[in-house]
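Novice: The chain contents come next:
Number of protein chains: 4
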Amino acid sequence: MFEKVLKDPVHDEILFDDPLLWALVNVPAFQRLRRIRQLGTSFLTFHGAEHSRFAHSLGAYETMRRVLYHLQRECGWPTDPREIRLALAAALLHDIGHGPFSHTFESVLGVQHEEWTHRIILEDPALRSVLDAVDDEFALDLVRVLRRESRYPAVESLISSQLDVDRMDYMLRDAEATGVSYGLFELARLIRSLTYWDGRIYVKRQNLHTVEQYLLARYFMYVQVYLHPVTVGSDVLVENILVRAKDLIAQGERIAMPEPLRRVLQDDMEDVSWYIRLDESVLLYAFHTFAENPDPILRDLAERFLHRRLFAPVVRQGSTPVDDLALLRTTAKAMGFHPDYYVSLRACKIPGYDVIGQGLLLRDANGRVEDLSQASKLIRTLVPSREERLFLPKEMLDPAHPLSARVRSIAYSAF
Amino acid sequence: MFEKVLKDPVHDEILFDDPLLWALVNVPAFQRLRRIRQLGTSFLTFHGAEHSRFAHSLGAYETMRRVLYHLQRECGWPTDPREIRLALAAALLHDIGHGPFSHTFESVLGVQHEEWTHRIILEDPALRSVLDAVDDEFALDLVRVLRRESRYPAVESLISSQLDVDRMDYMLRDAEATGVSYGLFELARLIRSLTYWDGRIYVKRQNLHTVEQYLLARYFMYVQVYLHPVTVGSDVLVENILVRAKDLIAQGERIAMPEPLRRVLQDDMEDVSWYIRLDESVLLYAFHTFAENPDPILRDLAERFLHRRLFAPVVRQGSTPVDDLALLRTTAKAMGFHPDYYVSLRACKIPGYDVIGQGLLLRDANGRVEDLSQASKLIRTLVPSREERLFLPKEMLDPAHPLSARVRSIAYSAF
Amino acid sequence: MFEKVLKDPVHDEILFDDPLLWALVNVPAFQRLRRIRQLGTSFLTFHGAEHSRFAHSLGAYETMRRVLYHLQRECGWPTDPREIRLALAAALLHDIGHGPFSHTFESVLGVQHEEWTHRIILEDPALRSVLDAVDDEFALDLVRVLRRESRYPAVESLISSQLDVDRMDYMLRDAEATGVSYGLFELARLIRSLTYWDGRIYVKRQNLHTVEQYLLARYFMYVQVYLHPVTVGSDVLVENILVRAKDLIAQGERIAMPEPLRRVLQDDMEDVSWYIRLDESVLLYAFHTFAENPDPILRDLAERFLHRRLFAPVVRQGSTPVDDLALLRTTAKAMGFHPDYYVSLRACKIPGYDVIGQGLLLRDANGRVEDLSQASKLIRTLVPSREERLFLPKEMLDPAHPLSARVRSIAYSAF
Amino acid sequence: MFEKVLKDPVHDEILFDDPLLWALVNVPAFQRLRRIRQLGTSFLTFHGAEHSRFAHSLGAYETMRRVLYHLQRECGWPTDPREIRLALAAALLHDIGHGPFSHTFESVLGVQHEEWTHRIILEDPALRSVLDAVDDEFALDLVRVLRRESRYPAVESLISSQLDVDRMDYMLRDAEATGVSYGLFELARLIRSLTYWDGRIYVKRQNLHTVEQYLLARYFMYVQVYLHPVTVGSDVLVENILVRAKDLIAQGERIAMPEPLRRVLQDDMEDVSWYIRLDESVLLYAFHTFAENPDPILRDLAERFLHRRLFAPVVRQGSTPVDDLALLRTTAKAMGFHPDYYVSLRACKIPGYDVIGQGLLLRDANGRVEDLSQASKLIRTLVPSREERLFLPKEMLDPAHPLSARVRSIAYSAF
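Residue numbers (the UniProt record's numbering), protein chains in the order written: chain A, 1 to 415; chain B, 1 to 415; chain C, 1 to 415; chain D, 1 to 415.
Okay, chain A solo, but in the shape it has when bound (with noise of 0.2 angstroms):
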């Protein structure tokens, strides 16, 4: 009997009876996982947070394992062999293509990382070994589902929805890490809670407080984990960082960093593999090198990250007036700070429930199916909602500063 058993702090155990997912979990695409955080820079404002997306992927495999042993006992569904090793190869490699501090290069570079994780699944000669020894078309089957193609639309939800076995995991495991008690709720009787209906995932009507605890428990993870304001601004250093590098280089600039790195910043991907070599000690080095550039403002933001001196954030009620903005950038200047690379604007988006296109479906025992916002008023106040936050350096904030008054009355203004 093939049997591989992991110690994990969130499901106490993770069991691996497949050889050909263990297979998977043996790839070099999935081991580089290990260097990528699952949080990316929250370690700054919860020093528990460095747990890796390997972790993460075993536990969606590992949640998805036991939905399908529910599934199967209580509904007859799944039974096909290939559709089993399907959803469960798709929640472990799910996140393949992540990259360091992954949302950051998304939006330095607008690539997603979705784009990454097909193109992995389909180009990496590693994994594709292992994938191709079940069949010719498994590999593309996998990206269909992560794409969502609708061929199998139970496990494309398990894997991707508002209830899935990514965010089980993710929100369990970060609130371990971290050590808050927001992100809880029950595993167990929630993964209960899921019925098979004619080729559909729906959750039991009895079953409803159960869900609106998992969605509330979302709901403070990000207000006070996924967005706080330290974070965030952490995240607008990362990215400054590398917009800061690639106009450098767009200038004809030479700037020592690793060669992943400059191909990634450039644009020069045609081979999946010089991505696989990206990883966070890759660009942890990069900021190294960058704090030894002879350019100041490259040296000044990558020093800011690695001794973690961050962006302070303004978090602001309703948008900032453009004409704000841009006496804020005018002073910005005049105290020595380039309005580019120090004074950034985020509107931060928290998801709530969302009921266009996507939402959960109820299911009682008639037969009757409702979504989920229309049976629970709770559940209806989750709308999706934006905030937006300005980030600037504290000096600019300083009062010993005789510009930073000026500052302050702009930033402070929208109150």
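There's no promise every hint is true.
Copies of the same chain look alike in the list, so a pair counts if it works inside one copy or between any two.
Distance condition first, Cα-Cα at most 30 angstroms in a straight line; then the derived DSS-like pairs of lysine-lysine [unchecked claim]:
1. Lys349 <-> Lys246
2. Lys394 <-> Lys4
3. Lys4 <-> Lys246
4. Lys349 <-> Lys377
What the hints contain is simulated information worked out from the structure, not anything from laboratory work.
Remember, predicted model here, so these are calculated numbers, not experimental data.
Got chain A sorted already, so can you dock chains B, C and D onto it with the hints?
Specialist: Relative to the frame of chain A, chains B, C and D by itself:
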């Protein structure tokens, strides 16, 4: 009122109310500890073990804060604000000299991380300027405490003994991160079991079983986590990489690698700032570059580490005869593996309870003192022990290889 | 130094350092709380819910101790040692008037447990002698605090409001005992979110989400645990037993039962000591004797409770029409069930957040005050709501019985 | 599909999928276990220890379910559905014969709870009718398993040995309820360490340390919780109450007490239904009536228990000389305490690891078997040991009493 509160997965909250100590946290040399894993290569065995020395250092500080609060309430010691700061600063900074995968460096270069801790405290200008704000002697006194020079014996034993704030924090933190219960013990009660008398720390006789639990938890962490054969094998791999790089440099080869690592390998560290620039991102990036080095041994070893193709551990009872080892090395060579880098023997020491020199003293209500080992039969069994292990590439044991039978017969002969 | 430390599953350790408060713990009227379950009949739904009001009272005391420690450090209040003792004693004794399955008694006899709390504090000689050792007014002031007479408004709101030490402890304790995560929230942070200003307690505006989490945890505990239909059905059974016994007494029957219960049922309680002798062992023993009573109704109901053959709950949306209820009662009679004891309707109130009268006030750094519901959309959805439930013997719904179809058609008509 | 899921604080969820086993849960004799505390009088030491034998019995069942699932997957045993039911039913019912504060009754009456377990299984009509539905031999086979008659040796050792589902559940449950970490161990891993070979259960040699942790956790639970002097003193008090009541009956006194207790004390139990009616509510009610009995000794002892004025424990090293005890008894008499009920000596046995007869066998990958104690030095130190303790009213040690000096000099002489 000055107050900074950090959320922590072990102690719930970590509290700073002295601006001096908070200033120490914000020194670059301390922030660097975010980029050093607490458990070195253990993340390759327990995927949860990604927590940093930064988090542990904060936890050791918080534990010291609670110990001092207890002793002040119950024993009226310490009262001197400078001694309190000394104790707290020592707890915070005790690991500041750790390098990436620290123990492997110590083994390769023969320099203890403690020496780096002392040098950084004395030589890092940013750290020094904070410490000197207390008084001219403070930095030096800190080093004296860490060196156990017996000027502050009670503080010293709280910082470094068999029952110190370092171990109290790391056992709980390592247990929490890996998800095992082996390292758990009753922290609050253990703290209350401490007492101060006439310049020394004792354990109250009535709390014998609480200390037993703590020492057995430590034993289990060693046998189950710290000395896990897969982890030791990962350390061996790192060591062999570093030794190979060092050997190539000594042979006059020009090996591309980050400057701080070159300085360390060449023992060219007159300036402590080079050492401070060396963290795990730098080392991992070095491994990335090694993985593209023309030297086949360096390249192969680096790839093994990055892709987690680790050495196979063979645990042995008793010592390995010299002849056996020689034969193994010859066979390795015949199989195409340079024995200096592919056949490694390591002796692992399980520390147990050490009665010599620095045993724990119990003190009963009548002031009678005895060594812990006199009172506890259980503890007397925890004598330090050692175990020998052999590490080889998995290929050498693979039955598919014609020479593997010989390797196996030697490797497993000791049983 | 006086110090008593109790090990606690919720707060780890509970600390007494005031001999007066410890003396209160050792008064028989307080020890009696060991024989009263915190969650009444919930143990019939959640088998873990066996924890006592004794444990909860200690926990409320410990929570108050931590709240006061925080407020003293941060706001310089309270400073008066008598007020501190008053707050701690009130937290400790706030539930001393609870009887066995308290809420059922309140419903049957129309006496609130709060009145018993006040009487016991004022009339129990052992308790009184401890309290009078402070001063002549102390016992009376304690009752004034519990009655919220506004002499000590800040203490009063910490004892009894929507954010008091009572709820803070019981939510965590009930969650821990039952094993559900619904009631978890960030206690330490919630405590630090409290602030004192000009005689009142406020929540800091910046901690809005921490209070949201706490109030939503409360909501989930109500819908998932406190108002669980099986639990409410168990309460109904206890009530019907007590009503039947009361009715039989009123009819002049001589029913064997423990004397304290007879006194309570006959409302013959001029002496509070009778009430103090009434605990759950006495009531359960009464049920044992009822289970051998010649009256078939009393006997049957008592056996149902002891052997957990509970009433079936039928949850209804909207109110039950008078005609339906009349028809149900007639049918019950025809099936051999006396409708007064076997057909019960209960309205359950989910408390939500109550803005009227005693809302929670947020206070920002500039001293601006607003009601929590103004700041939080989520909280505004937590308006108190009610749900009606019908409780019947399972046999009445059993398809095997010829009349059950009629019962079912009425019972489920409201859907 | 039949499925009942119970929420549990230890195992998260307890699953029933066999209607027969669920029917056993609903038998009155099993529901009665809700009214028996798992840890007897320990709640007087650890206020969290209110959990019931009902909860523990469910937990032992769930642990057995998981053990069997593991063994079936890995070893292909058991396959016989009847043997599986036997194992699960035995786990569920193994404690059904426990009475209130069981160990005190065993001591006073000389009847083991195991005998009651066997009688109830064979004689209780409701239970019997469920069991007989399997087959005529099932109830008898159940008793044979519980008696370890070696017909089902593997099942028997899972039910009752040094590594059985009983201990696995109660250590975790008792640790969780009291809030101590002493009893924690790696349950899932311990279960996976079990293996079945040729009709017997073994522990895999490679899991040595996992069993060590479990056995040491057990040691710590004994020294810190189960044999806590305050708990043993509470047991002594219950015993002395029962002995006094028995003595008074023997002297022909008519003592008011519940009938089931009278029957037990008079050894008049031809019908097992009397025993089933005896639970902790009945015993506590008896103590309430004793607290109003004219006999001053019975009254005083009962009040001491109800109001927690417990005996003072004096822990002794070595045996108490006969002369000392005689002198103590004389002094007690002189102080007005009847020595038969107020001077009690108890020997407490710490079980340790028992190699004789039923040691745990390790089995390595090559099939070599050895006793656990051969492989583990730690375990060899866990030899059973005993400790003698003397219990007296606190008043006898009170310095205010003129004779207390003599008591103290005798009581503490053994040190």
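Novice: Given a CA cutoff of 30 angstroms, do Lys349 and Lys377 count as a within-copy pair, a between-copy pair, both, or neither?
Specialist: both (21 angstroms within a copy, 16 angstroms between copies)
Novice: Classify it for me, Lys4 with Lys246: is the Cα-Cα distance of at most 30 angstroms met within a copy, between copies, both or neither?
Specialist: neither (44 angstroms within a copy, 37 angstroms between copies)
Novice: If the cut is 30 angstroms between Cα atoms, do Lys349 and Lys246 qualify within a copy, between copies, both or neither?
Specialist: within (27 angstroms within a copy, 51 angstroms between copies)
Novice: Which holds for Lys394 with Lys4 at a C-alpha limit of 30 angstroms: within a copy, between copies, both or neither?
Specialist: This pair counts as between: shortest inter-copy Cα distance 18 angstroms, intra-copy 50 angstroms.
When the structure is compared with the earlier hints, a violation turns up for hint 3 alone.
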